[in-house]
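6 protein chains.
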Amino acid sequence: MMEIRGAGRIARTAAAELREHGSSLRYTTLEDFRREMHRAAAVLTETRPTAVSLPNAVRFVISRIDASESLEEAQAALVESADDFIARSRQAVEMIAEFGSRAIPEDSVIMTHCNSEVAVATTIKAWEKGRVREAFVTEVRPRNQGYITAKALSDAGIPTNFIVDSAARYFMRDIDAVITGADAVTAGGAVVNKIGTSQIALAAHEARVPFIVTTETYKFAPGTLLGERIPIEERAPQEVVDDEIAGMMPNVRVRNPAFDVTPAAYIDMIVTEAGGIPPGMAYVIIRDYLGWNCGEWQKNFLIDHQE
Amino acid sequence: MMEIRGAGRIARTAAAELREHGSSLRYTTLEDFRREMHRAAAVLTETRPTAVSLPNAVRFVISRIDASESLEEAQAALVESADDFIARSRQAVEMIAEFGSRAIPEDSVIMTHCNSEVAVATTIKAWEKGRVREAFVTEVRPRNQGYITAKALSDAGIPTNFIVDSAARYFMRDIDAVITGADAVTAGGAVVNKIGTSQIALAAHEARVPFIVTTETYKFAPGTLLGERIPIEERAPQEVVDDEIAGMMPNVRVRNPAFDVTPAAYIDMIVTEAGGIPPGMAYVIIRDYLGWNCGEWQKNFLIDHQE
Amino acid sequence: MMEIRGAGRIARTAAAELREHGSSLRYTTLEDFRREMHRAAAVLTETRPTAVSLPNAVRFVISRIDASESLEEAQAALVESADDFIARSRQAVEMIAEFGSRAIPEDSVIMTHCNSEVAVATTIKAWEKGRVREAFVTEVRPRNQGYITAKALSDAGIPTNFIVDSAARYFMRDIDAVITGADAVTAGGAVVNKIGTSQIALAAHEARVPFIVTTETYKFAPGTLLGERIPIEERAPQEVVDDEIAGMMPNVRVRNPAFDVTPAAYIDMIVTEAGGIPPGMAYVIIRDYLGWNCGEWQKNFLIDHQE
Amino acid sequence: MMEIRGAGRIARTAAAELREHGSSLRYTTLEDFRREMHRAAAVLTETRPTAVSLPNAVRFVISRIDASESLEEAQAALVESADDFIARSRQAVEMIAEFGSRAIPEDSVIMTHCNSEVAVATTIKAWEKGRVREAFVTEVRPRNQGYITAKALSDAGIPTNFIVDSAARYFMRDIDAVITGADAVTAGGAVVNKIGTSQIALAAHEARVPFIVTTETYKFAPGTLLGERIPIEERAPQEVVDDEIAGMMPNVRVRNPAFDVTPAAYIDMIVTEAGGIPPGMAYVIIRDYLGWNCGEWQKNFLIDHQE
Amino acid sequence: MMEIRGAGRIARTAAAELREHGSSLRYTTLEDFRREMHRAAAVLTETRPTAVSLPNAVRFVISRIDASESLEEAQAALVESADDFIARSRQAVEMIAEFGSRAIPEDSVIMTHCNSEVAVATTIKAWEKGRVREAFVTEVRPRNQGYITAKALSDAGIPTNFIVDSAARYFMRDIDAVITGADAVTAGGAVVNKIGTSQIALAAHEARVPFIVTTETYKFAPGTLLGERIPIEERAPQEVVDDEIAGMMPNVRVRNPAFDVTPAAYIDMIVTEAGGIPPGMAYVIIRDYLGWNCGEWQKNFLIDHQE
Amino acid sequence: MMEIRGAGRIARTAAAELREHGSSLRYTTLEDFRREMHRAAAVLTETRPTAVSLPNAVRFVISRIDASESLEEAQAALVESADDFIARSRQAVEMIAEFGSRAIPEDSVIMTHCNSEVAVATTIKAWEKGRVREAFVTEVRPRNQGYITAKALSDAGIPTNFIVDSAARYFMRDIDAVITGADAVTAGGAVVNKIGTSQIALAAHEARVPFIVTTETYKFAPGTLLGERIPIEERAPQEVVDDEIAGMMPNVRVRNPAFDVTPAAYIDMIVTEAGGIPPGMAYVIIRDYLGWNCGEWQKNFLIDHQE
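Residue numbers (this note's numbering), protein chains in the order written: chain D, 1 to 307; chain H, 1 to 307; chain W, 1 to 307; chain E, 1 to 307; chain S, 1 to 307; chain Z, 1 to 307.
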């Protein structure tokens, strides 16, 4: 199972679970209700420590409970905020596709890497607007997600080319924009995405081709603001070489990192449902849009360290 | 058939064929002998117009005939020069491995791409001298030549890691030198090599990791001095996707370029049997080592254009 | 007519027109008044779709009406906000000149391109403070606005040099700061300005000479946050070659783009009446200073797409 | 005396002095109290015009007085805000060390320059977490503060190397992160720090080694937002050459700038008690965290210029 | 008069003059003949100290006299070498056009600056071979040589666009190769050419568009190998502004440098009649092709300094 | 003792020793004489394996013996070539100063690092020609050779500034050219020089200030053409910290590399007695000027490997 992928589904499920849990509680004071919801939120968050979208969903819901001034208000806020989060998450893809499609230069040849729901939706929307002429899709070794992307773009009618990952730089002179998704975005605007993304971003940067990342805001990782580093999962060697080949080179160690990190300097725009921003704005999204708050951290920090 | 690969064998065969052909001739004047040898050389060269090593081999042999002052001398020169070329070509790999192995920093982790005889020999020689600690080998899609390279290095005892092509930049911070072969070198010092090479060279350049190309001098392409561009072969789509997959995405066009061009600015050293040179020195190799000569071209040019 | 130029006048006129229009209305409910003002605002905005300052002026006025809680309050807010906008716009140039003049290194030789009211005011203010030693002014083909700028700086007493646009890089080693205005600023911090600006910015970046843009905040383009691209007007060929010359080269097509786009990476500081900011802060200016708001867009977006 | 150093102590003293002064006052109206406190604040600020932390401390305290609605509230706010500032300042180092220590890659060799309390605390914290393997400390001519830093890191148990300033680039290939403090941070994210810092940052940037600045937020210089330039103090020649040497080269002029400016583009992260931010976020810190406010400046500006 | 332009004519005239002068002499010893020819050569060279082609032509002729072993041989060598130089010079343009046209990528949009005989010939030759699709020609202020170039390319049938110099970067994304001539080439491979060339080369370098210089070898400046710097002529202000305009801005100083220097790092290939070389090879052309010789300089140097 | 420094003296002494040794020999056959001289040369070379100038001096002398066809000729050639080498070496500094002084832009402020005889001579020569306005001299920790350089330039009348090594980038904006010497030059054009040189070269490159290396050709290291790496000597810690300081930080390890390597890409010109060349030309100097020859190496290589 790829934990980080399907970030949208994880986030929406978390919001729904909090809603169900809270609705089933029978507390008589606001304080008790809050305490229990915080406890439940903490448990939920810890189930998947690497899923960036999870704490964002939980916080979205919990913060409105915290802002409530009575139990009734809090209970209503819970349901409302959970529903709101779910609706927003669903609409986010549509909004990103709309914003992103406008950002693509007219009559563009685009390149994409991996299979991102938002990047595909954006490309198809741009195609429908007549802004895309042709697409290049990479293979995406070792799991070949490029097959799905190529089929999706081609089925939408886009003249689609399929290339090995190594050929990205070869074709870069013909490309007008590269579009990818993201698995996580740091407070510094770096993007964690499928292995190979940073290499293509580097080649795009070299050729001055715009590199556009499309992603819902709940992929922005608030912990990175506190210095946390996003761990890069290393997956099973069998994804790369099957057992027969492995048997032929018994002393060779297969390394299979699932993601890499594209520096902010190689990214021209991150398109979110909050608009298309430069990567350096990630902090503002985390603070103002997702609602993470330094003052709060500092209070927690001081409490933790006084104990 | 991959024309350009096996450049060494093509070149040695050409030298041997010229020697056999010339030995079988029964001319009585130097002029007739020369004319026939030039004709045979032209025929031979045209059989494989994209094989850079072929004109270099032919020129090596023919130029000594041209320098001879009698039929006997010319006939002896033919045999001697063909034998000399063949011997030199065989020794070149050994010399390059020796020179290249000294150029690798001590206690290095090296990365290589594709399966180059000289790059593998250089890496193993450096390992034997204790200069290599570990190796990273890429998969080399679509034909997976990385399997052969990984096995060769691992069999030589080198702790060897195997990665997908997309992961090259991810591991670059751990690499001390990248070593590859070459299919052709232009007069400007650019290197034509397996698709993906230029992307790795770019990542090495970004990280300031030395990028070392190992190649016999007969891969230097004299025609590029006259402005010729080296054509990049595009190979069959079946190498990239098998028929079953292709059937699932019927409107997708597979593009399969076999090589790409690494600019001279990303190459730190080209190690040849004439020593390790900066890429900007390619012209000097073509002129002084391979013996191609501007005056001669000019003469030919003028004759062609007077007719 | 150059639509985008004179952005200040366009904006102030729009504010005044809204004020006059609203003052003449005789509505009895807040809702009716609001609806009519929104309609009028939309009509006004559409008259000049490429004038970035127009929607900013309109929004400044309308947002205070929207925040009013009674008809009387709204009517008062209209007059007050329109007057306020006009006053601020007038004072902005003075503030920018003050802030910008401090940002120029002491004893500087400055270069400017085109004829920008704020850039000229900033340079003269810096001269008055003794921070400027000499100025270089470009010709600004095809309309030669450099004449006006050179005269303005020279008349202010600044030792002024006049050069063709092509000579900007030649003199860059002697320059301590480049100062220009802007026709528009994108959410990513790129600056749209007179053709040639980006070329000079590139040369300044190459030589590490600070490139300072001076501009009122109403030049920041909120639509770019939603992915919109700023269209570059192409003007009449007669500006470039007169008819006599054109007649001598009948098959030559004259291309005459009026503006180009300078990437944020080449800009050191954008000086606005809200202070001197790095270009990456454009989003914050659009949101917090001009008052454009993602939540609002999202609401509009959702409404548009539900219909 | 080095004015800017000991920025924390200066700031805390200023807050305490305001508290004492205000507590001793016997005013009967809020207005009088406010006026006197503003006067006292202005006097205090002017005592050390180059101490960036001073206006930040003063503003922190004064702004809460300004927000008070009665004399009693204002007097209480004074004491509370001064105490709060002092406590925060003391906790800031601890928080930065915590955040910064997480941002250092695992098993890192770090380099530092000069003797910064926060940089040393961060390095030691990271060492305690097992994230640091080794440290390189520069000499820091002319005053050799590197001795203190080397001793501090070594005493904490970190294997520590000591090098001359000139050797920083030589060892950069072995470094995983550079960590320094700051004397001031501009609104554009540039960092003023001990002479030599920018040279090391340049070498780190060249080698793509993360360059991390650790600093309390009160080092951020609000005046730079208004275009002010931070003056670089030039100190006594005797720090560089003693009198005996100076006597041997009588016509040589010793230049001894105490600080230099590292551009934002060479800085990967600025770690503050408000989190680890990209340098481009400095404006947001100044505005939202330190509470400096454009509207206010504009009001002041307009008043100043109306008189 | 533009001294450096028309370099070909100057060179050929010099060769012819030496031939006429030498043929008219009636010396009876080789030594006398040589001495007189050297004297005449020196006089000739000094007539136009900035014409790079002049010493190259003179040296071509004189060196064969110096190599002669009898008076008769020397006199014959004089005529032969002068004729040879003149013929070569005439054929050089044709050869460069042939080599250069091959170096242009297929189906290219090219850009050129100023009016260079070889650059135009190369572009037309490439058009005839079907390698050029479209051309962009700059205006070339202040003397508008772009008119001539645009007409020449358009008359040859090439779809030609005409733009102001400032628009070069704006269109660079559409360009596949930039082609210019040269007024001089230094031993380091830098190219002196019409003002504005270096700015376009910079923009091409930024966009990774190949920048190709076409030039006869006699433009290579041997003196630069001895550290000489090529002086940049500054021409009359009237070329830039006519008297009427000048009268309107009386205190403005017009600066009008005729040339600028494009660094070798921005040049991909210099196409000469000796082939297409990387700019770093300029020294080899000067030494081996033009025949300038370090030993000789050293001898002269030592003699000069012994006296 | 610093082995590599005083390279000129080492080289001249070696030539003289070979001359004395050869003159004292009483062989009767050319073959015996040659064998003995080769033996002596090998012994001499091995005495100081890291002195680059030694094998160059030895080869200069020996190669003429090898070219001799009789014992008498060889003996005469020995004396003549040794004397010639010594004379050339002495004149080289003068020639370099002459060439280099012309390469410095007019009215320059120059910076230098360490104490190089040729760099100082070049700067003074340029001063005498009126091309230098001012000089900046670094301290050169740990051995403070900057004292000697500052005194030398100041004594020559040049207005001279003295700065710590860390301040080089701070003053770079005011510098027109950096001039240093070299301890060795590789076949790739990299320069080995005093620790800190590469850092200054990087800062010069960043600011596009010309970086000029002055060096006799016998500093070019032929072995690097065969892949050899120049070892960087690490010197005694006592040079960096005296025993008292060292005692205060007992667990700190002092690292004291004497040299670093400046990449060719940061060097604009290497001025030698053979002229001012781009660094990429080092191979040609080694081969054509110092007389090292690939064919010869290949022969030796083949012999070594056949045994």
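Don't take every hint at face value.
Quick list of simulated restraints, FRET-style, between CB atoms [stated by the list, open to error]: (1) N251(W) / E69(S): 53 to 61 Å; (2) E234(E) / G130(W): 18 to 26 Å; (3) T29(H) / E94(S): 33 to 41 Å; (4) E106(W) / R229(D): 22 to 30 Å; (5) E106(W) / P231(Z): 19 to 27 Å; (6) R229(D) / D32(W): 41 to 49 Å.
Below are the DSSO-like pairs computed for lysine-lysine, each with C-alpha atoms no more than 27 Å apart in a straight line [what the hints assert, rightly or not]: (7) K129(W) / K129(E); (8) K151(Z) / K129(Z); (9) K151(Z) / K299(S); (10) K129(D) / K151(D); (11) K129(S) / K151(S); (12) K129(D) / K299(W); (13) K151(W) / K129(W); (14) K151(H) / K129(H); (15) K129(E) / K151(E); (16) K299(H) / K299(S); (17) K129(E) / K299(D); (18) K129(Z) / K129(H).
In case anyone wonders, no lab produced these hints; they're calculated from the structure.
Don't be surprised by glycine CBs; every beta carbon is placed ideally from N, CA and C.
Cross-check of the supplied hints:
1. Separation of N251(W) from E69(S) is about 59 Å and conforms to the stated range, judged on CB atoms against 53 to 61 Å.
2. For E234(E) paired with G130(W), a C-beta distance near 20 Å keeps the hint of 18 to 26 Å intact.
3. Between T29(H) and E94(S) the beta carbon distance is about 35 Å. The supplied range of 33 to 41 Å therefore holds.
4. The hinted range of 22 to 30 Å is not satisfied by E106(W) and R229(D), whose Cβ atoms lie roughly 42 Å apart.
5. Under the hint 19 to 27 Å, the C-beta atoms of E106(W) and P231(Z), about 47 Å apart, miss the expected range.
6. Between R229(D) and D32(W) the CB atoms are about 57 Å apart, so this pair departs from the stated range of 41 to 49 Å.
7. Annotation: proposed proximity of K129(W) to K129(E) is violated, straight-line Cα distance about 53 Å (limit 27 Å).
8. A distance of roughly 20 Å separates the Cα atoms of K151(Z) and K129(Z); the hinted pair therefore holds under the 27 Å criterion.
9. Of the supplied pair hints, the one linking K151(Z) and K299(S) is violated, its CA atoms being roughly 33 Å apart against a limit of 27 Å.
10. Among the hinted pairs, K129(D) with K151(D) is consistent with the structure: their alpha-carbon atoms are about 20 Å apart, no more than 27 Å.
11. Between K129(S) and K151(S) the alpha-carbon distance is near 20 Å, which keeps this suggested pair within the 27 Å criterion.
12. Proximity of K129(D) to K299(W) is assessed by CA-CA distance (about 23 Å); at most 27 Å being required, the pair is judged to hold.
13. With a C-alpha separation of about 20 Å, the suggested pairing of K151(W) with K129(W) holds against the 27 Å cut-off.
14. Taken as a hint, the K151(H) and K129(H) pair is honoured in the structure, with Cα atoms around 20 Å apart against an allowance of 27 Å.
15. Between K129(E) and K151(E), the direct Cα distance comes to roughly 20 Å. Compliance with the 27 Å bound is thereby established for this hinted pair.
16. For the hint linking K299(H) to K299(S), the alpha-carbon distance of about 34 Å lies beyond 27 Å, and the restraint is violated.
17. As the CA atoms of K129(E) and K299(D) are separated by approximately 23 Å, the hinted pair is consistent with the 27 Å bound.
18. A hinted pair counts as satisfied when its Cα atoms are at most 27 Å apart, and K129(Z) with K129(H) does not qualify at roughly 53 Å.
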